[in-house]
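> Read off the chains here:
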Amino acid sequence: MSSNNNKKWFSLNIGRKEKTSSGSCSCGKSSGGCGGSSNAHHMTNEAFTEAAINASIGEERTKDGFEQVFDVKMDRRSAFKKLTASLLIGAGAVSTSCSVISGDESKEKAQIDWEEQFKGNYKLMTDKEKEATVDRLVRSYQLRTGKNISMSSKNAEEDVLFGYAFNISKCQGYMDCVNACVEENNQDRNSQMQYIRIHEMKDGKGFNFNEADDNYYHEVPAQGHFYMGTQCFHCDNPPCVEVCPVQATWREDDGLVVVDYDWCVGCRYCMAACPYDGRRFNWSKPEVPESEINHNQHYLGNRMRKKGVMEKCTFCVQRSRAGKNPACVEACPTGARIFGNLLDPDSTIRWVLENKKVFRLKEDLGTEPKFWYFMD
Amino acid sequence: MKNNINMMNKIVCFSVFLLAFFSCKHHENEYHSITDKIEAESKDYHGTSISSEAYIGEIQTIEITEGDHTFLIPERKSQIKSYACTECHSKPLSQMKSKDIQKAHWDIKMDHANENTMNCVTCHNPDNIDDLRSLTGHTIDFNTSYNLCNQCHTKQFEDWKGGAHGKRIGGWAPPRASMTCVNCHDPHKPHFESRWPARFNTQKVKERE
Ligand code: SF4
Ligand code: SF4
Numbered sequence: 001m002s003s004n005n006n007k008k009w010f011s012l013n014i015g016r017k018e019k020t021s022s023g024s025c026s027c028g029k030s031s032g033g034c035g036g037s038s039n040a041h042h043m044t045n046e047a048f049t050e051a052a053i054n055a056s057i058g059e060e061r062t063k064d065g066f067e068q069v070f071d072v073k074m075d076r077r078s079a080f081k082k083l084t085a086s087l088l089i090g091a092g093a094v095s096t097s098c099s100v101i102s103g104d105e106s107k108e109k110a111q112i113d114w115e116e117q118f119k120g121n122y123k124l125m126t127d128k129e130k131e132a133t134v135d136r137l138v139r140s141y142q143l144r145t146g147k148n149i150s151m152s153s154k155n156a157e158e159d160v161l162f163g164y165a166f167n168i169s170k171c172q173g174y175m176d177c178v179n180a181c182v183e184e185n186n187q188d189r190n191s192q193m194q195y196i197r198i199h200e201m202k203d204g205k206g207f208n209f210n211e212a213d214d215n216y217y218h219e220v221p222a223q224g225h226f227y228m229g230t231q232c233f234h235c236d237n238p239p240c241v242e243v244c245p246v247q248a249t250w251r252e253d254d255g256l257v258v259v260d261y262d263w264c265v266g267c268r269y270c271m272a273a274c275p276y277d278g279r280r281f282n283w284s285k286p287e288v289p290e291s292e293i294n295h296n297q298h299y300l301g302n303r304m305r306k307k308g309v310m311e312k313c314t315f316c317v318q319r320s321r322a323g324k325n326p327a328c329v330e331a332c333p334t335g336a337r338i339f340g341n342l343l344d345p346d347s348t349i350r351w352v353l354e355n356k357k358v359f360r361l362k363e364d365l366g367t368e369p370k371f372w373y374f375m376d
Numbered sequence: 001m002k003n004n005i006n007m008m009n010k011i012v013c014f015s016v017f018l019l020a021f022f023s024c025k026h027h028e029n030e031y032h033s034i035t036d037k038i039e040a041e042s043k044d045y046h047g048t049s050i051s052s053e054a055y056i057g058e059i060q061t062i063e064i065t066e067g068d069h070t071f072l073i074p075e076r077k078s079q080i081k082s083y084a085c086t087e088c089h090s091k092p093l094s095q096m097k098s099k100d101i102q103k104a105h106w107d108i109k110m111d112h113a114n115e116n117t118m119n120c121v122t123c124h125n126p127d128n129i130d131d132l133r134s135l136t137g138h139t140i141d142f143n144t145s146y147n148l149c150n151q152c153h154t155k156q157f158e159d160w161k162g163g164a165h166g167k168r169i170g171g172w173a174p175p176r177a178s179m180t181c182v183n184c185h186d187p188h189k190p191h192f193e194s195r196w197p198a199r200f201n202t203q204k205v206k207e208r209e
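Just so you know, the sequences run in chain order Y and W. Just so it is clear: in the first sequence, position 90 is 90 by the working numbering, and no numbers are missing. Just so it is clear: in the second sequence, position 192 is 192 by the working numbering, and no numbers are missing.
One thing to keep in mind: the hints can contain errors.
What the hints assert, rightly or not - These stretches of chain Y come out as covered by chain W in the derived footprint (C-beta under 8 Å, 3 or more residues):
#, region
1, 110 to 116
2, 209 to 222
3, 294 to 300
4, 332 to 343
No lab work stands behind these hints: they were computed from the structure. Ideal Cβ placement from N, Cα and C applies to all residues, glycine included.
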């Protein structure tokens with residue numbers, strides 16, 4: 001048990017200690033377990049471990065890859081069952097500290113589940129704790145699917161404030177951005193949730209979202225129409241953040257408004273508070289074919305979500321913090337999307353803001369979106 | 001009387017103090033708008049450690065300076081399949097027009113302005129086919145062909161230099177690399193084709209039913 005480092009959650013070291021003690025255990029035997037007959041427990045150690053693990057993650061041993069990650073039961077009963085199982089394992093950790101090797105992976109999974117269950121809000125974590133949770137998630141994915149992902153916990157860089165500009169006269173309505181976004185951010189294929197919407201609007205009617213069509217399917221650009229994209233605008237004064245009862249969503253220092261999927265309780269207050277239809281709630285467990293999963297992930301971005309949490313555009317935090325453009329910007333064949341650092345006076349986004357006639361939606365609300373529109 | 005004046009002085013002094021106190025109710029780092037904030041916070045901008053260099057990848061680039069802007073654009077000549085043109089065009093263009101010479105460039109169909117305004121030699125140099133030529137007869141290198149386009153498309157050129165027109169290569173961070181005109185527009189047929197959207201959301205249709 002690690003009590004010397006000041007974690008904000010309680011953790012056990014069932015699986016890990018064992019590795020360092022190279023297979024031998026407290027009772028002195030180097031293989032085959034400690035033997036149960038002399039033990040004060042009614043169950044043998046192996047049986048106890050087996051029972052505890054079965055209660056905790058038993059199902060997962062028979063399910064494969066995808067289901068394991070996403071089919072996390074969220075109802076109270078199974079959550080409670082899991083919790084007690086975790087406690088059971090915790091209680092039995094000492095007495096079962098040496099068991100057959102085949103149980104190691106299950107134990108490690110249980111250990112990870114335990115630590116993940118009691119981890120704190122990402123927003124309040126130290127860098128070390130952030131790294132730890134990311135490592136756990138990567139390891140968990142590896143244990144469950146046998147595949148590797150890379151997950152970053154990279155923080156906001158100093159002197160960076162992200163901003164976006166959208167050229168209404170250039171957008172042709174191709175929706176290549178929507179495609180790229182779905183693939184980049186591992187969005188659920190079944191429910192066809194999409195962070196970006198492209199609105200087809202009639203010329204001469206202004207920006208009339210009520211009469212616009214955001215689900216057209218015909219050759220584009222259509223005669224007498226123009227196109228306008230919306231997504232989360234990463235408001236500098238975001239009302240969605242204000243209303244969250246558990247602070248599961250917040251504004252990062254580089255201006256990105258993010259969600260901790262593990263802290264979100266799915267109340268959807270933020271969705272109601274957003275004046276721009278920027279947030280998406282996942283009603284079903286997100287499913288992505290294994291071959292299409294984007295393995296380059298960020299904790300606050302495109303990592304695998306569970307069912308019943310809020311998602312939204314993060315300006316592709318996994319890309320933007322590494323210096324890349326968001327997937328939508330890269331995919332747009334017309335160059336209608338411009339992204340960059342608002343604090344860099346030489347950046348292209350700054351040139352656009354200073355030299356084009358830019359405007360934002362519902363500017364009077366004081367939400368200060370960092371997403372500007374302009375025309376040629 | 002003297003006392004009164006003293007009193008008045010005190011009151012005036014106090015109210016000036018009050019005024020000064022309440023009029024700066026904005027804390028530091030709190031701004032009226034995002035534009036104020038951007039302006040204030042970028043005053044002492046010293047650059048970041050983030051670079052987009054790695055994402056430019058295999059693309060060969062050249063650095064250009066136009067007005068206040070210096071940035072990279074893709075190198076062009078190595079991308080043209082049959083450059084140098086003189087490998088085929090051994091004679092001046094006027095002589096190539098005769099019937100007994102093999103027909104080439106059959107796939108090029110001009111759809112750029114009208115015949116009154118443009119033909120091949122509006123851009124290509126008939127005397128030295130390896131180069132382009134400005135309207136006034138100056139030589140323009142294939143690598144900097146944007147200098148041809150900007151003769152007519154001045155507004156687009158301004159926007160392109162600043163970064164409002166065209167597409168970035170790599171990422172948002174420095175160094176800036178941008179596509180040049182011919183990377184997106186076929187110079188012989190510069191408009192974008194109409195086509196079908198990349199996807200259709202069947203679930204939204206269901207929701208509406
Ligand atoms: S656009 Fe909506 S979801 Fe995005 S930051 Fe603003 S209020 Fe929040
Ligand atoms: S849905 Fe999640 S992020 Fe949104 S307000 Fe509720 S808890 Fe917060």
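> Now tell me if each hint is right for this structure.
Results of checking the hints against the structure:
Figure legend: the region 110 to 116 of chain Y, annotated as covered by chain W; annotation inconsistent (0 residues with Cβ-Cβ distances under 8 Å, at least 3 required). Proximity of the region 209 to 222 of chain Y to chain W, defined as three or more residues with a beta carbon under 8 Å from a beta carbon of that chain, is established by the 8 residues found. Restraint check on the region 294 to 300 of chain Y versus chain W: 0 residues with Cβ-Cβ distances below 8 Å, three needed, restraint violated. With 10 residues bearing a CB less than 8 Å from a CB of chain W, the region 332 to 343 of chain Y meets the requirement of three and the coverage assertion stands.
The structure does not agree with the numbered hints 1 and 3 stated previously, though it agrees with the rest.
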